[in-house]
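A.B. asks: Modelling step: build the complete structure from the supplied sequences, incorporating the hints.
Protein sequences, first through last, are from chains A and B. The numbering of the first sequence is the numbering used here, which starts it at 1 and goes up by one. The numbering of the second sequence is the numbering used here, which starts it at 1 and goes up by one.
Keep in mind the hints are simulated off the structure, nothing from the lab. Glycine included, each C-beta is placed from N, C-alpha and C at the ideal position. Don't take every hint at face value.
Think about it this way: if two alpha-carbon atoms lie no more than 27 Å apart in a straight line, the pair counts; the simulated DSS-like pairs of lysine-lysine are [what the hints assert, rightly or not]: (1) 81/A x 81/B; (2) 277/B x 277/A; (3) 186/B x 211/B.
Far from chain A, by Cβ distances over 10 Å, these chain B residues were calculated [unchecked claim]: (4) 25; (5) 31; (6) 47; (7) 65; (8) 78; (9) 113; (10) 149; (11) 201; (12) 230; (13) 233; (14) 242; (15) 246; (16) 260; (17) 262; (18) 267.
These stretches of chain B come out as covered by chain A in the derived footprint (C-beta under 8 Å, 3 or more residues) [claimed, not checked]: (19) 170 to 184; (20) 275 to 282; (21) 317 to 326.
Number of protein chains: 2
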Amino acid sequence: MNDQTNNVERVTIIGSGPAGWTAAIYAARASLNPIVYEGLPKQTPSIQLPGGQLMLTTEVENYPGFPEGVTGPDMMAQFKKQAQRFDTRVVMQDIVRCDFSKRPFELHTADNKIVRSHAVIIATGASANWMGLENEMRFAQSGGGVSACAVCDGALPVFRDQPLAVVGGGDTAMEETAYLTKFASKVYVIHRRDELRASKVMQQRVLDNPKVEMVWDSVVSDVLGDDKITAVQLKNVKTNELSDLPVKGLFIAIGHTPNTQFLTDSGLQFDDTGYLKLKEGFRTLTNIDGVFAAGDVSDSTYRQAITAAGMGCKAAIDAERWLADQGID
Amino acid sequence: MNDQTNNVERVTIIGSGPAGWTAAIYAARASLNPIVYEGLPKQTPSIQLPGGQLMLTTEVENYPGFPEGVTGPDMMAQFKKQAQRFDTRVVMQDIVRCDFSKRPFELHTADNKIVRSHAVIIATGASANWMGLENEMRFAQSGGGVSACAVCDGALPVFRDQPLAVVGGGDTAMEETAYLTKFASKVYVIHRRDELRASKVMQQRVLDNPKVEMVWDSVVSDVLGDDKITAVQLKNVKTNELSDLPVKGLFIAIGHTPNTQFLTDSGLQFDDTGYLKLKEGFRTLTNIDGVFAAGDVSDSTYRQAITAAGMGCKAAIDAERWLADQGID
Chain A
1 MNDQTNNVER VTIIGSGPAG WTAAIYAARA SLNPIVYEGL PKQTPSIQLP GGQLMLTTEV
61 ENYPGFPEGV TGPDMMAQFK KQAQRFDTRV VMQDIVRCDF SKRPFELHTA DNKIVRSHAV
121 IIATGASANW MGLENEMRFA QSGGGVSACA VCDGALPVFR DQPLAVVGGG DTAMEETAYL
181 TKFASKVYVI HRRDELRASK VMQQRVLDNP KVEMVWDSVV SDVLGDDKIT AVQLKNVKTN
241 ELSDLPVKGL FIAIGHTPNT QFLTDSGLQF DDTGYLKLKE GFRTLTNIDG VFAAGDVSDS
301 TYRQAITAAG MGCKAAIDAE RWLADQGID
Chain B
1 MNDQTNNVER VTIIGSGPAG WTAAIYAARA SLNPIVYEGL PKQTPSIQLP GGQLMLTTEV
61 ENYPGFPEGV TGPDMMAQFK KQAQRFDTRV VMQDIVRCDF SKRPFELHTA DNKIVRSHAV
121 IIATGASANW MGLENEMRFA QSGGGVSACA VCDGALPVFR DQPLAVVGGG DTAMEETAYL
181 TKFASKVYVI HRRDELRASK VMQQRVLDNP KVEMVWDSVV SDVLGDDKIT AVQLKNVKTN
241 ELSDLPVKGL FIAIGHTPNT QFLTDSGLQF DDTGYLKLKE GFRTLTNIDG VFAAGDVSDS
301 TYRQAITAAG MGCKAAIDAE RWLADQGID
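C.D. replies: This is the structure in structure tokens:
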């Protein structure tokens, strides 16, 4: 307890999605008196809200424990409530820079304060890349049929036996397309070039599927419909010709960007795709002792609420044991 | 779908704890039509119930999503209901032997049937080792203050500022002791020998803690109390002397045994402590292509419901992608 008198946190959690709140629940129950910087809402470069990507998700059917489903915002409210029940402190503020060269670490907030902390858990997630269309965001936020995650949303009844479209040409776009063919009557893959970036194996699997139709050299120029999407407006990038393609769902698969901008020059290592690198996949240790990572910020593979929450728990347990090893209690 | 006509499952899930049901939810939503062998209830060599170790847990406060807490059996009922909502088939039967040398794999049930399956997810969990006392199990099952998991149960209000006892002398026992000192007024460590098996560092941390008192050369010969534990009866193994030690909680930390008996001679690799070995910690692949592992059966480190559920999700996604790679849909 003596550290608190010098205003040094035992563990600071940056981020407030499933990973961050789960880390908080576990750290709080281990009497680490954690503090969560849940972040400020922002619109650029991409929409980020305290609570993370689930704040843009209307219906969550695959998080175990909610057999009737739950909305993303409701679920995050429950997580936060649970963390606060065990005396987690929550600050709605951004951490904009981390100095891990000092011990205790120094975290700089957007309002020019410095948080000193022995251990840090980074759980800032990733943001889906969007095309940047006004109607795209309107439909995505209202459950109108636009999504950035086929595994999350593809199985919803509204998409069954309906024509759907995927935007993208990489491995993830192909995986999402293959996944959606299980449900859809037809899946159009809209790609701005005339060849795919995806691996040959992935390409072939998708191109061989009779439900898949490629729409080459095209971008989505608008998303049409009132409450629900009814069609996408396509623009051929070679001819500039516009056309409407009727679909009941649009899946944006043009990548994610991990939210690591505040970690530039922090000394933390990233993998080839910019995600935080773990020392060893099973645990949550980064290359800096006392800094742990959990959730989508260090996971470009699974990206599910339940996997992020599992990592958040691991990070709190790893941090607790690390603090004990340091003799900090 | 054509495989179903030949009675070959796409994916068979063995086990029905958080990992098994989460794998089922994800596999079902990926239209893999999974089947879960949830196991038969048994009393020996240790208590095993469909639903796993949570069936012996009264209050779960740390699974994110239940801010008011939930009982272990209720939580598992919710998980199962969610899996069944998406058309998971459930069989209350044991798999007693696996032949992974054949493709599709052949799984043998306790009632002498053979299940053929392209992919298998093993999620049979681990069982806490108990001392084998009748009253120990009575208190453990009724929430009477006997537990095999300090991280799960130690923060419950009933244990705050109370004298507690830990049985065991290994690293886990020391970790649980250190954890409990955050809450307890005193922690007795009961160990049958006069020295600990735990690493020196772990030993020192615990022995230096003023809240810890060692009870050497002793075993618990009975657990005393009506609804709630009031004391343990100790037997000194050198003098055979009996004595009562008043405590409000008893934490059994004499190890866990992963439930892998049915995998003997299966060709699967195990780690040094008998847990299923993953090819790579972040994912759920085992050394046999098409066999995946999730939850406590392959995790001797974290052993939480939320981490097991996260692995169950990963296993289903890994299996789905593997099946797609094989051209099995």
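A.B. asks: The structure should be examined with respect to each hint, and the outcome stated for every one.
C.D. replies: Do the hints match the structure? See the list:
Note on residue 81/A and residue 81/B: the hinted pairing holds, with a Cα-Cα distance of about 25 Å set against a maximum of 27 Å. A hinted pair counts as satisfied when its Cα atoms are at most 27 Å apart, and residue 277/B with residue 277/A qualifies at roughly 22 Å. For the proposed pair residue 186/B and residue 211/B, the alpha carbon gap of about 5 Å is at most 27 Å, so the pair holds. Non-interface status of residue 25/B relative to chain A is broken: a Cβ of that chain comes within 10 Å, the nearest being about 6 Å off.
Separation of residue 31/B from chain A is inadequate, the least Cβ-Cβ distance of about 4 Å not exceeding the 10 Å criterion. Non-interface status of residue 47/B relative to chain A is upheld: no Cβ of that chain comes within 10 Å, the nearest being about 23 Å off. Look at residue 65/B: its CB is around 5 Å from the nearest CB on chain A, not clear of 10 Å, so calling it non-interface is violated. Listed as a non-interface residue, residue 78/B fails to keep its Cβ farther than 10 Å from every Cβ of chain A; the least gap is roughly 5 Å.
Listed as a non-interface residue, residue 113/B keeps its Cβ farther than 10 Å from every Cβ of chain A; the least gap is roughly 28 Å. Once the 10 Å rule is applied to beta carbons, residue 149/B is consistent with being away from chain A; the minimum gap is 12 Å. Residue 201/B, annotated as away from the interface, has a beta carbon of chain A within 10 Å; the closest lies near 7 Å. Every beta carbon of chain A lies more than 10 Å from that of residue 230/B, the smallest distance being close to 25 Å; the non-interface claim holds.
The Cβ of residue 233/B lies farther than 10 Å from every Cβ of chain A, with a closest approach of about 31 Å, so its non-interface assignment holds. With a minimum CB-CB distance of about 35 Å to chain A, residue 242/B clears the 10 Å threshold, and the non-interface call stands. Every beta carbon of chain A lies more than 10 Å from that of residue 246/B, the smallest distance being close to 24 Å; the non-interface claim holds. Non-interface call for residue 260/B relative to chain A: holds, since the shortest CB-CB distance, roughly 18 Å, exceeds 10 Å.
No beta-carbon of chain A comes within 10 Å of the beta-carbon of residue 262/B; the shortest separation is about 24 Å. Every CB of chain A is more than 10 Å from the CB of residue 267/B (nearest about 22 Å), matching its label as outside the interface. Chain A is given as covering the stretch 170 to 184 of chain B, and this holds because 5 residues of the stretch bring a CB closer than 8 Å to a CB of that chain, at least three being needed. Under a criterion of three residues with beta carbons nearer than 8 Å to beta carbons of chain A, the stated coverage of the stretch 275 to 282 of chain B is upheld, 4 such residues being counted.
Interface restraint, the stretch 317 to 326 of chain B with chain A: holds (5 residues with C-beta to C-beta distance below 8 Å; minimum three).
Checked against the numbered hints above, the structure breaks hints 4, 5, 7, 8 and 11 and satisfies the rest.
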